[in-house]
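S.K.: If you want the building blocks of each chain, they are given just below.
Protein chains: 4
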Amino acid sequence: MSKYPVNETALLLVDPLNEFLSEGGKLWEMTKGTAETAGTIANLKKLTDACRHAGIQVVYALHHAGTGDDYDNWKFLNPAQQAIKDNQVFIKGSFGAEVHPDVTPQVGDLIAQEHWTSSGFANTDLDLLLKQHGIQRVVIAGNRANTCIDSTGRYAVELGYHATLISDAIAAFSEAEMEATININWPAFGHAVLTTDQFLKQI
Amino acid sequence: MSKYPVNETALLLVDPLNEFLSEGGKLWEMTKGTAETAGTIANLKKLTDACRHAGIQVVYALHHAGTGDDYDNWKFLNPAQQAIKDNQVFIKGSFGAEVHPDVTPQVGDLIAQEHWTSSGFANTDLDLLLKQHGIQRVVIAGNRANTCIDSTGRYAVELGYHATLISDAIAAFSEAEMEATININWPAFGHAVLTTDQFLKQI
Amino acid sequence: MSKYPVNETALLLVDPLNEFLSEGGKLWEMTKGTAETAGTIANLKKLTDACRHAGIQVVYALHHAGTGDDYDNWKFLNPAQQAIKDNQVFIKGSFGAEVHPDVTPQVGDLIAQEHWTSSGFANTDLDLLLKQHGIQRVVIAGNRANTCIDSTGRYAVELGYHATLISDAIAAFSEAEMEATININWPAFGHAVLTTDQFLKQI
Amino acid sequence: MSKYPVNETALLLVDPLNEFLSEGGKLWEMTKGTAETAGTIANLKKLTDACRHAGIQVVYALHHAGTGDDYDNWKFLNPAQQAIKDNQVFIKGSFGAEVHPDVTPQVGDLIAQEHWTSSGFANTDLDLLLKQHGIQRVVIAGNRANTCIDSTGRYAVELGYHATLISDAIAAFSEAEMEATININWPAFGHAVLTTDQFLKQI
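Residue numbers (the working numbering), protein chains in the order written: chain A, 1 to 203; chain B, 204 to 406; chain C, 407 to 609; chain D, 610 to 812.
Looking at chain A on its own, in the form it has when it is part of the complex (with noise of 0.2 Å):
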């Protein structure tokens, strides 16, 4: 029997948005070397693909889109939402802002509401939209390995999600970040490490 029964397995897209994985978006220039050694973009559609065609549910967890101007009066910024503020990213309505059109949402994906900081469950609903649907199995990719990526895979796991790590459908800043995730913190915390192929050999 698989490990990935399809109606309690969901594809976490996390943060696949312009802005890291696009010609022109502000990260780019930062996540590219780690995307294009992996072959992240390919990945991440052939992966999304392969999981709409097993009717695998196909979920998005999104970085908050903001006005530029959101974190103003917060008391404690950390040194993502500070770069964020600081460079504009992310901004409502951009190209940055936008999920890559390589893995655009599909009628019958589920877009949980936005996440100010790391973890793609905490501060929205995405717990619930999960349950809700039956889920208890994760399967998740995007960006930024060791910040998004892993909160979302920690709190997966707190949550009491079996949670699947996709190595070569995530990008970072550095080959270090990568490495931190994929090697040392994920084995740690998480219940697999596959990469794209083994993974969709499973289902």
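Derived from the structure by calculation, the hints contain no laboratory data. It cannot be assumed that every hint is accurate.
[Said to hold, decoys possible] Coverage of chain B stretches by chain D, computed from C-beta distances (three or more under 8 Å per stretch; other residues unrestricted):
no., region
1, 273–280
2, 327–340
[To be verified] With a straight-line Cα cutoff of 25 Å, these simulated DSS-like cross-link-like pairs (lysine-lysine) come out:
no., chain 1, residue 1, chain 2, residue 2
3, D, Lys-684, A, Lys-75
4, D, Lys-612, B, Lys-278
5, D, Lys-684, C, Lys-409
6, A, Lys-75, A, Lys-201
7, C, Lys-607, D, Lys-701
8, D, Lys-701, D, Lys-684
9, B, Lys-206, D, Lys-684
10, B, Lys-235, B, Lys-278
11, D, Lys-654, D, Lys-701
12, A, Lys-45, A, Lys-201
13, A, Lys-92, C, Lys-498
14, C, Lys-481, C, Lys-498
15, A, Lys-201, B, Lys-278
16, A, Lys-85, A, Lys-75
17, B, Lys-404, A, Lys-75
18, D, Lys-641, D, Lys-654
19, C, Lys-438, A, Lys-3
20, B, Lys-278, B, Lys-295
21, C, Lys-409, A, Lys-75
22, C, Lys-491, D, Lys-612
23, A, Lys-85, A, Lys-32
24, C, Lys-481, B, Lys-278
25, B, Lys-206, A, Lys-75
26, D, Lys-655, D, Lys-612
27, D, Lys-810, C, Lys-481
28, D, Lys-655, B, Lys-295
29, D, Lys-684, D, Lys-810
30, C, Lys-438, C, Lys-452
31, A, Lys-85, B, Lys-206
32, B, Lys-288, B, Lys-404
33, C, Lys-452, C, Lys-409
34, D, Lys-694, C, Lys-409
35, B, Lys-295, A, Lys-3
36, B, Lys-249, B, Lys-235
37, D, Lys-612, D, Lys-641
38, D, Lys-612, C, Lys-481
39, A, Lys-3, B, Lys-288
No residue lacks a Cβ here, since even glycine has one placed at the ideal position from N, Cα and C.
With chain A fixed as given, assemble chains B, C and D onto it according to the hints.
M.R.: For chains B, C and D alone, kept in the frame of chain A given last:
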């Protein structure tokens, strides 16, 4: 003005347990290397004593101490939980599940409910206890760097707290794990990484 | 000293929507009776204007405005969600899903993510927004007394906030619902029940 | 098909404590009236025995049993917490803090972390335990109707569970409180209100 006002700062000691930190603890052989290099035990004591002296609230976030069969019917065990089950780690009433004698809880400290997985906040009353005591900044030390320390820090940030890591008062199973937490991840999601001495100069 | 310090108090307006409060709103015939008896609309305006004038943060917790088919594949709909689905209530872009014109959001207000069920805190970023703005006391008004108002108050208390109900700035579908919230439940779990005038005298 | 499949349903006993239900309990004089009218104790026993017999998971959500001074430095006590403090209710190790002898926990039951306020889910591991055991439907009984029972039910719904109230296996401090929970609130937010016998016919 100090960045760490006494009445809104807490020292959060995560799993400062014999299992990790004492000769005879079941994980000591694995943490010994990083702990001895960093001076973790001495720093934990120095840090805790100084915080008590300064009037900073000391809070304990301790791992679930079980009976050995608590995980028996769980759907999904992560590698840490599987290892705990297989090796009977953190058994209730055992030496290993006790706090290291150098940082024993004292009257006036807060002890949160025990956590099942990695984050001291997940599925416990830690956030409530901190809020009810007016805490807005947490200073985190203990074990294991890339699991409980990292997860507790990530949750703190998502919950709106200012999160500081004390880089020489933690331990892990390898220097690569220490590096991942101290130099790669916390600087990306947290608010400060300080040594014990650097922190104590600011209070 | 006021029990409601300006910089740590928020007025939390829960679902002050046309659907409940305006002629033509789909639920207006059901809330009209209690709203007219209590003077809800006038009190909501008086309260909101006075809080703005005093510098108290105004925060909106609004019900999910959907497309009519958002609940289609959910496992469990509660009666309120079933009624929303059946009667196409709170449809995105419709008159009913807009805030009542007397308490329109203004620049500087906070608008939390929309809630799917009853509590403004559940599955949203409301707690994070309040924490990031230093809020420790919430003053709650809006609709519907025994569902969203009551649930939001209960969550506030569990999360460590001081929770005040404004008893004449809420509405419900019957006087029995008003009574259950104002005289039976809130006095058991919340911190204060005040009329608009009683509250305004304290700020 | 039963609406309550054995392997995804749990009986959730909230605060079935001597303090509420036994002669000599500190709150017994207050709950006695409604408990005797409803037959609460006999129904709790009947319900629990039948669930065990049917193989339905029994789960306990118990109030924090304290040392009498746990709330000493809290910022905000609600009326229930103030009363607990003033009257030394639910003192750890006392008769009152024990489960009523007719529904004593047995091997195989789950006991969630104790709750500080009203909801068995808030600041505890209850959601995690339920998820890890595949539970999707909770059947709730115990005390006190309009505080812990109502709040636990509201949280269950927000978390995505199907929530059933057993209307004659709860107690409160007045018939008005019973009425508010059974006839006014639960029908608005929950999924079912059944008597013990009505529920037992469905399993």
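S.K.: If a hint holds in the structure, say so; if it does not, say that too.
M.R.: For each hint, the structure was consulted:
1. Remark: the region 273–280 of chain B is confirmed as covered by chain D, as 4 of its residues place a Cβ nearer than 8 Å to a Cβ of that chain, reaching the required three.
2. Using a Cβ-Cβ cut-off of 8 Å, 8 residues of the region 327–340 of chain B lie near chain D, which meets the minimum of three, so the contact claim holds.
3. A distance of roughly 20 Å separates the Cα atoms of Lys-684/D and Lys-75/A; the hinted pair therefore holds under the 25 Å criterion.
4. Distance check on the hinted pair: Lys-612/D and Lys-278/B sit about 22 Å apart at the alpha-carbon level, within 25 Å; holds.
5. A hinted pair counts as satisfied when its Cα atoms are at most 25 Å apart, and Lys-684/D with Lys-409/C qualifies at roughly 12 Å.
6. Of the supplied pair hints, the one linking Lys-75/A and Lys-201/A is violated, its CA atoms being roughly 47 Å apart against a limit of 25 Å.
7. Proposed proximity of Lys-607/C and Lys-701/D is contradicted: the alpha carbons are some 42 Å apart, above 25 Å.
8. With a C-alpha separation of about 22 Å, the suggested pair Lys-701/D and Lys-684/D falls inside the 25 Å cut-off, and the hint holds.
9. For a cut-off of 25 Å, the pair hint linking Lys-206/B to Lys-684/D stands: about 22 Å separates their Cα positions.
10. As the CA atoms of Lys-235/B and Lys-278/B are separated by approximately 32 Å, the hinted pair breaks the 25 Å bound.
11. Between Lys-654/D and Lys-701/D the alpha-carbon distance is near 24 Å, which keeps this suggested pair within the 25 Å criterion.
12. Restraint check for Lys-45/A and Lys-201/A: satisfied, since their Cα atoms lie roughly 16 Å apart, inside the 25 Å limit.
13. Among the hinted pairs, Lys-92/A with Lys-498/C is consistent with the structure: their alpha-carbon atoms are about 18 Å apart, no more than 25 Å.
14. A C-alpha spacing of about 22 Å is found between Lys-481/C and Lys-498/C, which places the hinted pair at or below 25 Å, so the restraint holds.
15. For the suggested pair Lys-201/A and Lys-278/B, the alpha carbons sit about 23 Å apart, so the restraint of at most 25 Å is met.
16. A hinted pair counts as satisfied when its Cα atoms are at most 25 Å apart, and Lys-85/A with Lys-75/A qualifies at roughly 14 Å.
17. At roughly 23 Å between alpha-carbon atoms, Lys-404/B and Lys-75/A fall within 25 Å of each other, so this suggested pair holds.
18. Only pairs whose Cα atoms come within 25 Å are accepted, and Lys-641/D paired with Lys-654/D is accepted, the gap being roughly 17 Å.
19. Under the criterion of a C-alpha separation no larger than 25 Å, the hint pairing Lys-438/C with Lys-3/A is inconsistent with the structure, at around 54 Å.
20. Restraint check for Lys-278/B and Lys-295/B: satisfied, since their Cα atoms lie roughly 22 Å apart, inside the 25 Å limit.
21. A C-alpha spacing of about 22 Å is found between Lys-409/C and Lys-75/A, which places the hinted pair at or below 25 Å, so the restraint holds.
22. Restraint check for Lys-491/C and Lys-612/D: satisfied, since their Cα atoms lie roughly 22 Å apart, inside the 25 Å limit.
23. The straight-line distance between the Cα atoms of Lys-85/A and Lys-32/A is roughly 22 Å, inside the 25 Å bound, and the hint therefore holds.
24. Between Lys-481/C and Lys-278/B the alpha-carbon distance is near 20 Å, which keeps this suggested pair within the 25 Å criterion.
25. Between Lys-206/B and Lys-75/A, the direct Cα distance comes to roughly 12 Å. Compliance with the 25 Å bound is thereby established for this hinted pair.
26. Between Lys-655/D and Lys-612/D the alpha-carbon distance is near 20 Å, which keeps this suggested pair within the 25 Å criterion.
27. The hinted pair formed by Lys-810/D and Lys-481/C meets the criterion: a straight-line CA distance of about 23 Å does not exceed 25 Å.
28. Between Lys-655/D and Lys-295/B the CA atoms are separated by roughly 33 Å; this puts the pair beyond 25 Å, and the hint is violated.
29. For a cut-off of 25 Å, the pair hint linking Lys-684/D to Lys-810/D is broken: about 47 Å separates their Cα positions.
30. Restraint check: the Cα-Cα separation between Lys-438/C and Lys-452/C comes to about 19 Å, which is no more than 25 Å; the hinted pair holds.
31. The hinted pair formed by Lys-85/A and Lys-206/B meets the criterion: a straight-line CA distance of about 22 Å does not exceed 25 Å.
32. For a cut-off of 25 Å, the pair hint linking Lys-288/B to Lys-404/B is broken: about 41 Å separates their Cα positions.
33. For a cut-off of 25 Å, the pair hint linking Lys-452/C to Lys-409/C stands: about 20 Å separates their Cα positions.
34. Proposed proximity of Lys-694/D and Lys-409/C is supported: the alpha carbons are some 22 Å apart, at most 25 Å.
35. Distance hint between Lys-295/B and Lys-3/A is unfulfilled; the C-alpha atoms sit about 33 Å from each other, more than 25 Å.
36. Of the pairs offered as hints, the one joining Lys-249/B and Lys-235/B holds, with about 19 Å between alpha carbons and a cut-off of 25 Å not exceeded.
37. Restraint check: the Cα-Cα separation between Lys-612/D and Lys-641/D comes to about 32 Å, which exceeds 25 Å; the hinted pair is violated.
38. Pair hint Lys-612/D plus Lys-481/C holds up; C-alpha atoms about 12 Å apart against a cutoff of 25 Å.
39. With a C-alpha separation of about 22 Å, the suggested pairing of Lys-3/A with Lys-288/B holds against the 25 Å cut-off.
In the structure shown, a violation is registered for the earlier hints numbered 6, 7, 10, 19, 28, 29, 32, 35, 37, in ascending order.
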